[in-house]
Amino acid sequence: MTTAPAPIKAKARLGDLVFSRSAVFAGSMILVALAAVAIFLIVQAIPALFATNEEASILETNFWSYVGPLVFGTVWAAAIALVFAVPISIGIALFISHYAPRRLAAVLGYIVDLLAAVPSVVFGLWGIGVFAPAVVPVYAWLNEYLGWIPLFGGTASATGRTILTAAMVLAVMILPIMTAICREVFLQTPVLHEEAALALGATRWEMVRMAVLPFGRSGIVSASVLGLGRALGETMAVAMVLSASQVVTFELLTSVNPTTIAANIALSFPEAYGLNVNVLIATGLILFIVTFAVNAVARWIVDRRKEFSGAN
Amino acid sequence: MTATETAQTSAPGSGTPGGTPKGGIPSALTAGHLKPRTPWLILVGSLALSAIVFGVLATGTGEYNWAGALIVGLIVYAFAVWLFSYLVEGRRRATDRLVTAIVTGAFLLAMAPLISVAYTVVSLGLNRFDLEFFTSSMRNVTGEGGGALHAIVGTLLMTGAAAIISIPIGLMTSIYLVEYGRGKLARGITFLVDVMTGIPSIVAGLFAYALFALFFGPGIRLGIAGAVALSILMIPVVVRSSEEMLRLVPNELREASYALGVPKWLTIVKVVLPTSIAGIVTGIMLSIARVIGETAPLLIAAGFTQSMNYNLFEGRMQSLPVYVYTQYANQGNPASAYLDRAWAAALTLILIVMLLNLAGRLIAKFFAPKFGR
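Quick mapping for you: the protein sequence lines, in order, are chains A and B. Okay, so the first sequence: first residue is 12 according to the working numbering, each after it adds one. Okay, so the second sequence: first residue is 154 according to the working numbering, each after it adds one.
Calculated from the structure, these hints are not laboratory results. Because the structure is a prediction, the values reported are computed rather than measured. Ideal placement from N, C-alpha and C gives every residue a C-beta, glycine not left out. It is possible that part of the hints are untrue.
Unchecked claim - Pair ranges (Cβ atoms, derived):
#1 A:Arg-24 x B:Arg-400: 18 to 28 Å
#2 A:Trp-159 x B:Glu-397: 35 to 45 Å
#3 A:Val-43 x B:Lys-423: 41 to 51 Å
#4 A:Ser-39 x B:Arg-514: 24 to 34 Å
#5 A:Ala-210 x B:Ile-430: 19 to 29 Å
#6 B:Phe-466 x A:Ala-169: 25 to 35 Å
#7 B:Asn-483 x A:Ala-46: 31 to 41 Å
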């Protein structure tokens, strides 16, 4: 038995030391930045939590009754957006990964990504100028014939600037990221599974249903959660499209709509003063916490999937 | 009516189970299938049907609803193709064809807003896409005239400053994650970078405002605050894309370099980075394209103004997205002048973003390292 030779130590060079330390420093800056975001928001938000309407003029009674309808509006708008975006993005992803001709697939994927390149303020402008007027007749029809469903009740808006319009614009904006994730997961389906299904005589849809969708389920879930995170925080499109008033209502087609936290900050912040600023920052802190949690859940799902799937 | 006609002409030939073509010998391959062109005939038929129905409706109102006709036509197609396939090919293939129609429809549905946005921005943006728009600011302008020079300058300055902050941090972080990072810190950073990608842009704006308000007192609006807000959004994108590119560099290159006695940091600087530089530049350009269109953080942190401001560290600073928003939100008289300016700025913004995207992809394509022999 011989003893193991002592490990050879690399010569410590100054260049190596400087380089690795600055890499660690840069990496830690990310932690510092995120911590700073949280700390600064918390510090600025604390005075608002206990403010009354005498100190901050935008409050009616206290902070929590102010933020309640906003939280409701944020979640409600994002939820409606997801209802539209999830099936459509799965459809697009399937179309690109399994239905479109192979040669076109990359180009089609790029075209969908172009949607992500359109700035949100342009979507807002388009939403008011083109989309909202275009859906007014549809809303009138829905209101007249399906008005007995509570969602479509009330008086239909004459401008089309309702929460349903805003949610549809949001859906368009979160489509690219959701499609990209779904597409990636669908493409990772083991080819052997697909071929086995086809060899057993399955039609294309049956192959997709039996091989692709079960394999991609967690991908679809994490894409939806990531899309939810985006929809919760999207600002300008909602701020511009929605004609907002702070209420809690489930009616989709009226001109009285709940607004979202982000849109409310964008609209109120430029004119805010004194403690009103802190109130708005406090609502921003709530948005930050909610989106942080949603994104963390999404990443957790993605990471968990990495370990158990046969993809790698 | 057209749809039923196509059915009658096409279905018997191709369709009847055990279909008998001209010679009378059933072909085992084509029996029980729709002919390849039949779905296309059904598509044309259902579009024509819908066009006629909407044409009849239009005689009452006088306006022809193209979008409605197209959508109804496609829905009619989905049902018609399902029905014919069900009669000829059976339930399973009918479902398959229906799903194909739906999936294709989903893609077309997503294309609709893209085409609509592109058409609207170009057609309305060209109204004021002139020399004056690019050579003057909005100072002392009410009504017509005026331009977006101050906004373009502000956008370039703030995005540039954000890039100067984000690129070194982002690049070094990705080097850390790929070359050095082991254990808890690396995993934590990876996780937080992922989460940071999802920070709402307005929260980044609030953070920058809160940070600078602490030093300069409340109500502060600075160009540099806008740049800080943008870099919060930009860093995670840079880290993600550079990390991906660095991981693509084959380990053999690193090992060959170490074997020659080259120190690790020189290996990274002289071997790893040059190999992946095209991908890294692409990632950086895409990240710039992403933040250059951000409105909310700049509205909060940098405010808006009508005048030129070349100084990042003093006074409010206008930017193109915020310019679009303020022109829309504070319409004066005549309103059309303000809207035209908003659309022209939107067109400029989209052109810049598209150019950055295109340039990034071209760099990736032409300067990518060739690993194969």
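Tested hints:
1. A:Arg-24 x B:Arg-400: 18 to 28 Å: holds, 25 Å
2. A:Trp-159 x B:Glu-397: 35 to 45 Å: Given about 52 Å between the Cβ atoms, the range is violated.
3. A:Val-43 x B:Lys-423: 41 to 51 Å: violated, 30 Å
4. A:Ser-39 x B:Arg-514: 24 to 34 Å: For Arg-514 (chain B) against Ser-39 (chain A), whose Cβ atoms are near 33 Å apart, the range 24 to 34 Å holds.
5. A:Ala-210 x B:Ile-430: 19 to 29 Å: violated, 45 Å
6. B:Phe-466 x A:Ala-169: 25 to 35 Å: For Phe-466 (chain B) and Ala-169 (chain A) the Cβ distance comes to about 47 Å; the hint is violated.
7. B:Asn-483 x A:Ala-46: 31 to 41 Å: holds, 37 Å
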